[in-house]
Structure formats: C-alpha cells, structure tokens
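These protein sequence lines map, in sequence, to chains A and B. Heads up: the first sequence begins at 1 in our numbering, then just goes up one per residue. Heads up: the second sequence begins at 1 in our numbering, then just goes up one per residue.
Careful, some of the hints might be misleading.
Away from chain A, derived, C-beta distances all over 10 Å, residues of chain B [claimed, not checked]:
# : residue
1 : ALA22
2 : SER44
3 : LYS46
4 : GLU50
When the alpha-carbon atoms are kept at most 27 Å apart in a straight line, the in silico DSS-like pairs for lysine-lysine are as follows [claimed, not checked]:
#  : chain 1 : residue 1 : chain 2 : residue 2
5  : A       : LYS115    : A       : LYS65
6  : B       : LYS33     : A       : LYS129
7  : B       : LYS45     : B       : LYS32
8  : B       : LYS33     : A       : LYS66
9  : B       : LYS37     : A       : LYS66
10 : A       : LYS66     : A       : LYS125
11 : B       : LYS32     : B       : LYS46
12 : A       : LYS125    : B       : LYS13
Cβ pair distances, simulated, as ranges [to be verified]:
#  : chain 1 : residue 1 : chain 2 : residue 2 : range
13 : A       : ARG106    : B       : GLU50     : 37 to 45 Å
14 : A       : ASN109    : B       : LYS46     : 34 to 42 Å
15 : A       : GLN69     : B       : LYS46     : 26 to 34 Å
By construction, these hints were calculated from the structure, which means they are not laboratory data. No residue lacks a Cβ here, since even glycine has one placed at the ideal position from N, Cα and C.
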Amino acid sequence: MNRLVTDRINEHSPYDVEYDDDLLVFTTEHGLTYAVDFDDDANPYFTAYWLNLRNVYGQVSPSDKKVAQTLICIIEEFFRQNADVLLYICSSADGHQAQRARLFMRWFNGAEQQKLYVSRTVEVKGEDKTEYVALLAQRNRPDIEKILARFDAESAMFNAMKP
Amino acid sequence: METKTLDCPVRTKEEILSWLNAARQRKEAWEKKVDAKFAERLRSKKAAAESGYYDLEWV
Chain A
1 MNRLVTDRIN EHSPYDVEYD DDLLVFTTEH GLTYAVDFDD DANPYFTAYW
51 LNLRNVYGQV SPSDKKVAQT LICIIEEFFR QNADVLLYIC SSADGHQAQR
101 ARLFMRWFNG AEQQKLYVSR TVEVKGEDKT EYVALLAQRN RPDIEKILAR
151 FDAESAMFNA MKP
Chain B
1 METKTLDCPV RTKEEILSWL NAARQRKEAW EKKVDAKFAE RLRSKKAAAE
51 SGYYDLEWV
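Here chain A stands alone, though its shape is the one from the complex:
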C-alpha cells in the first residue's frame, strides 16, 4: 500500500494528523487520541484494505463531528494514493456494532463523498456473532460494477442492511 501524505490530509482536516511509526494518529480538542491504520485484505478478487480505527485510551467520546471530518480526509487521501477498495468491519466491543456501522456510513454518505465514492454495507449473521461490514470504492473504477455485483450477491446470502 502506498503511504499516505499527511500534508495532504491536513490541508482540510480539522485535527492535525501525524504518523506515529506506521499509525496515523490525531488528538481531538477533547483530549481523545485516535489511531488509524490499513490492513491487507485476503479476498481473492481485488486488492482491498481493512480500515482500522481506535480510540486508544478508550475515553468516553462526546459527539464530535470533527472526528468524522478528519477520518474522511484520511480516507480521501487513501484513495488518492491507492486505487483500491476499502473495507470496514465494526468493532464488536460493547455490542454496539450496528450503531457504529450506521454512524460510519452516515459519515461517508455526504453529498460530496457520494459524487466520488460508492458504498455498501451488509449485516452478516454468523453462528455466534453478527458482523457489520462496509465497502467503499471509487465510483470511477473500471471494474466498479463487477465489485458491487459480487458484494451484493454475497450480501444476499445474509440479511442485507440498508445504508
């Protein structure tokens, strides 16, 4: 994966994003620190990365739109540097995956983002847990229809979740 350029992120990001080793890190005006990382995916069809996001000290987070705006700036820089697919699996901590999935998609479903990107979400019910998975990709990819068709076909095996 190509390394992101923090100067590009920080052109529009409300919080200053820096590399800390291989992690992207930012601290909010409320003193919360978030770490962001991208991890290789192992699907057999296309190159993709899992987006990881962590509130590293686990402090209670007040509602803060700037966190979402910062994350969007990071994701936009990811797509500038990498013409790949981004996947997100919601944290199962405290059983609030569904709320996190909706929040994440609300963050990324703004009008400006919808012009450039396509998103999909699916609720996958396993035997002992339910996972919420989101897919983000650039709308202008030549293979976007095939990627979405495959995601939709695989999602159809489970209970679909509306974005």
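Assemble chain B onto chain A, guided by the hints.
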C-alpha cells in the same frame, strides 16, 4: 449505483464467514497492539511525572 447481473463466481457462505472471522481476529490483534503501545507510553509519562525528575538544559 445500479449493479448488473453477475457473471463471475462468488464465495460460499462458509468461505465468507471464514474470511470475516480472520478479518475480525486481525482487527482485534491490531487493537490490542495499539492499546498496549499507548498504555506503555502513558505509563512512562506518569512514571516520569511522579519521579519528580525533569530534564534540565545545561546552562
């Protein structure tokens, strides 16, 4: 965006669950590693503050 009829293979339900399980395990391992890294940093800062020692510039 509308999608067209699929003309390529898809994974089975079991393959998808296995793929997601692996992704979940990697994510949880990453979270533990990040938590440990920042917890250690916090511990070091706290220990330095409690020791009463601060670096002094040579004059």
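### Task
Could you grab the alpha-carbon distance between A/LYS66 and A/LYS125 and see if it respects the 27 Å cut-off?
32 Å, violated
### Query
Holds or violated: A/LYS125 with B/LYS13, Cα cutoff 27 Å?
Roughly 10 Å separates the two Cα atoms, so the pair holds.
### Query
Does the structure keep B/LYS45 and B/LYS32 at a Cα separation of 27 Å or less?
20 Å, holds
#### Entry: Verdict for A/ARG106, B/GLU50 (Cβ pair) under range 37 to 45 Å
Since the Cβ atoms of A/ARG106 and B/GLU50 sit about 43 Å apart, the hinted range of 37 to 45 Å holds.
### Message
Would the hint linking B/LYS33 and A/LYS129 be met if the CA-CA limit is 27 Å?
### Response
23 Å, holds
### Task
Would you mind confirming whether the straight-line C-alpha gap from B/LYS33 to A/LYS66 stays at or under 27 Å?
25 Å, holds
### Query
Does the claim that B/ALA22 lies outside the interface with chain A hold up, using a Cβ gap greater than 10 Å?
7 Å, violated
### Query
Does the structure keep B/LYS32 and B/LYS46 at a Cα separation of 27 Å or less?
21 Å, holds
### A/LYS115 paired with A/LYS65 [C-alpha distance capped at 27 Å]
Holds - the C-alpha atoms of A/LYS65 and A/LYS115 are around 21 Å apart, at most 27 Å.
### Query
Looking at B/GLU50 again, its CB stays over 10 Å from all of chain A?
At about 18 Å from chain A, B/GLU50 clears the 10 Å cut-off, so the statement holds.
### Task
Look at the Cβ atoms of A/GLN69 and B/LYS46 and judge whether their distance stays inside 26 to 34 Å.
31 Å, holds
#### Entry: Outside-interface status for B/LYS46 - nearest CB in chain A farther than 10 Å
12 Å, holds
In this structure, the hints that do not hold are numbers 1, 10, in rising order.
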